[in-house]
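Chain by chain, the residues run as shown.
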Amino acid sequence: MRRFLDNAIESYSWNRAVNCVRLYSGRFLDYKRCPSVHEVSIAASIAEGVCEEASKQGVDHVDAVHVRIGAMAGVVKDSLSFAWDVVVADTLLAGSRLQIEEIPLTVYCPACETERTPTSPAILVCPVCQAPTPRILSGREMQVVGMEVSVAVPHR
Amino acid sequence: MPFRIVEIQQGILRKNDALASGLRERFAVAGTYVINLLSSPGAGKTTLLEETLRQARPRLRCAALVGDQATDNDAVRLARSGAPVRQITTGPECRLDASMIERALDGWLPDDVDLLCVENVGNLICPAEYDLGEDLRVALFSVTEGEDKPLKYPLAFNTSHLALITKTDLAQAVAFDRPSALQNVQAVHPGIPIIELSARTGAGFDSWMNFLESRVSVKRAGKRGRSIA
Ligand SMILES: Nc1nc2c(ncn2[C@@H]2O[C@H](COP(=O)(O)OP(=O)(O)O)[C@@H](O)[C@H]2O)c(=O)[nH]1
Ligand SMILES: [Mg+2]
Ligand SMILES: [Zn+2]
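Chains as they are written, first to last, in our numbering: chain A, 1 to 156; chain B, 1 to 229.
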């Protein structure tokens, strides 16, 4: 079992992810321009971290991976989901679901002295008083939160 | 089937961030000031660097790294300055990351470089996400690209320390709306300094060189010797 896992992890090195990007980038480039390759990289980074963690914990199958992505993070959710399936194929994450929680953009308004939600990530002004709001409180997140793993039912 | 949730809690790009911190430490020890240029293809990064290297040398010891998905044309252009230049060909990757910088530096970058210029892959999306250990991130756009460029790529402009508006010699020809461009930059990054320049005519170039050189000398003065804690 351990050997199987180690091999799975080994084969899932960063190189593998990069090869995967190489292999599929043509397809992604057709599908959409660069951002999709970008999401392939991001998906590979997520998968790499989760695979390591899974191996550490002796998990051999993962049902879902939970991530938090900020509204200002520059990651397209659909592209990331699409990239996920490609990137995790043939790894111990194969067939897992990527659960993306989107974190809204919030800023601190120095004039109102409170938290505000700008109307767009491109317009960092307070929607109430129009003051510039350089301080971002949330919306830049790129976090792995956890994984869902099946608990095997013991043989009786 | 019953399942359980295993908490992980880790930054998606934590490996890149850790490598970038390592690079930043290394540049602090060497007193090397590092700039990272972000723009769409053709905004004028290579031209800006050609002129920057020409003006900065030999007063400053300069070097340049340039990322492109294919070809080493830009490295050839920059190498004419006489500065050490290295091309990083990224293939399908649409940006540089810290591991690429680390690999490129090994056995190449002299210890006594004052200014290392990094030209990122022409793209305003992916490079914004990856810290390269730089001191100064610069987002460029040219007057020919439209005044709303910053609004379309907020993260790149928001994470940059300086915005450059390039090719101002062409402003009139394309009826560039300067006030709206400046306003858009400020909208995505309130308070960010903006320099407008033309590498062709040299207009505004002094402001850029002064901005850069003052920061380079601060970094050099604060150079951290290995023996000093
Ligand atoms: N008129 C004018 N053209 C420029 C200026 N800077 C760059 N260019 C031209 O813009 C094109 C793209 O420039 P380049 O430096 O290769 O852009 P990069 O892709 O961002 O590295 C080239 O044809 C340059 O000659 C400028 O200040 N004025
Ligand atoms: Mg170039
Ligand atoms: Zn307000």
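One or more hints might be untrue.
No farther apart than 27 angstroms at their CA atoms in a straight line, the calculated lysine-lysine pairs in the DSSO-like style are these [as the list claims (entries may be wrong)]:
| no. | chain 1 | residue 1 | chain 2 | residue 2 |
| --- | --- | --- | --- | --- |
| 1 | B | Lys15 | A | Lys56 |
| 2 | A | Lys77 | B | Lys152 |
| 3 | B | Lys219 | B | Lys15 |
| 4 | A | Lys77 | B | Lys219 |
Label pairs and their calculated CB-CB ranges [stated by the list, open to error]:
| no. | chain 1 | residue 1 | chain 2 | residue 2 | range |
| --- | --- | --- | --- | --- | --- |
| 5 | B | Gln172 | A | Pro134 | 29 to 39 angstroms |
| 6 | B | Asp72 | A | Ser150 | 46 to 56 angstroms |
| 7 | B | Gly107 | A | Cys112 | 47 to 57 angstroms |
| 8 | B | Ser214 | A | Gly95 | 51 to 61 angstroms |
| 9 | B | Pro110 | A | Cys129 | 15 to 25 angstroms |
| 10 | B | Arg4 | A | Val128 | 41 to 51 angstroms |
| 11 | A | Ser150 | B | Lys223 | 52 to 62 angstroms |
| 12 | A | Val128 | B | Arg59 | 47 to 57 angstroms |
| 13 | B | Thr144 | A | Val128 | 33 to 43 angstroms |
| 14 | B | Lys223 | A | Arg97 | 26 to 36 angstroms |
| 15 | B | Lys223 | A | Ala64 | 27 to 37 angstroms |
| 16 | B | Ser214 | A | Asp90 | 51 to 61 angstroms |
Not the full set, but computed from the structure, chain A residues with beta-carbon under 10 angstroms of chain B [as the list claims (entries may be wrong)]:
| no. | residue |
| --- | --- |
| 17 | Ser55 |
| 18 | Ser81 |
| 19 | Val86 |
| 20 | Val128 |
| 21 | Ala131 |
Hint data in this document are derived by calculation from the structure and do not stem from the laboratory. Glycine residues also receive a C-beta, built at the ideal position from the N, C-alpha and C atoms.
Each hint tested on the structure:
Only pairs whose Cα atoms come within 27 angstroms are accepted, and Lys15(B) paired with Lys56(A) is accepted, the gap being roughly 17 angstroms. Taking the CA atoms of Lys77(A) and Lys152(B), the gap is near 17 angstroms; set against the 27 angstroms cutoff, the hint holds. Proposed proximity of Lys219(B) and Lys15(B) is supported: the alpha carbons are some 26 angstroms apart, at most 27 angstroms. Annotation: proposed proximity of Lys77(A) to Lys219(B) is violated, straight-line Cα distance about 40 angstroms (limit 27 angstroms).
For Gln172(B) paired with Pro134(A), a C-beta distance near 32 angstroms keeps the hint of 29 to 39 angstroms intact. At roughly 49 angstroms, the beta-carbon separation of Asp72(B) and Ser150(A) lies within the given 46 to 56 angstroms, and the hint holds. The supplied range of 47 to 57 angstroms is met by Gly107(B) and Cys112(A), whose beta-carbon atoms lie about 54 angstroms from each other. Remark: the range hint 51 to 61 angstroms for Ser214(B) to Gly95(A) is upheld by a beta-carbon distance near 56 angstroms.
As the Cβ distance of Pro110(B) to Cys129(A) is approximately 52 angstroms, the hint placing it in 15 to 25 angstroms is violated. At roughly 44 angstroms, the beta-carbon separation of Arg4(B) and Val128(A) lies within the given 41 to 51 angstroms, and the hint holds. The beta-carbon spacing between Ser150(A) and Lys223(B), approximately 55 angstroms, falls within the hinted interval of 52 to 62 angstroms. Separated by about 50 angstroms at the C-beta atoms, Val128(A) and Arg59(B) satisfy the suggested range of 47 to 57 angstroms.
About 37 angstroms separates the C-beta atoms of Thr144(B) and Val128(A), a value consistent with the hinted range of 33 to 43 angstroms. At roughly 50 angstroms, the beta carbons of Lys223(B) and Arg97(A) sit outside the given window of 26 to 36 angstroms. Distance hint check for Lys223(B) and Ala64(A): the Cβ-Cβ separation is about 49 angstroms, which falls outside the suggested range of 27 to 37 angstroms. Between Ser214(B) and Asp90(A) the Cβ separation comes to about 53 angstroms, which falls inside the hinted range of 51 to 61 angstroms.
The interface hint given for Ser55(A) is broken, as the beta carbon of that residue sits about 12 angstroms from the closest beta carbon of chain B, more than 10 angstroms. With a cut of 10 angstroms, the hint placing Ser81(A) at the interface with chain B is violated, because the nearest CB-to-CB distance is about 15 angstroms. Annotation: interface hint on Val86(A) violated; nearest CB of chain B at approximately 13 angstroms, more than 10 angstroms. Taking 10 angstroms as the C-beta cut-off, the interface hint given for Val128(A) is violated, the closest approach to chain B being about 16 angstroms.
A hinted interface residue such as Ala131(A) counts as satisfied when its beta carbon comes closer than 10 angstroms to some beta carbon of chain B; here the least separation is about 9 angstroms, so the hint holds.
Hint compliance for this structure: hints 4, 9, 14, 15, 17, 18, 19, 20 are not met, and every other hint is.
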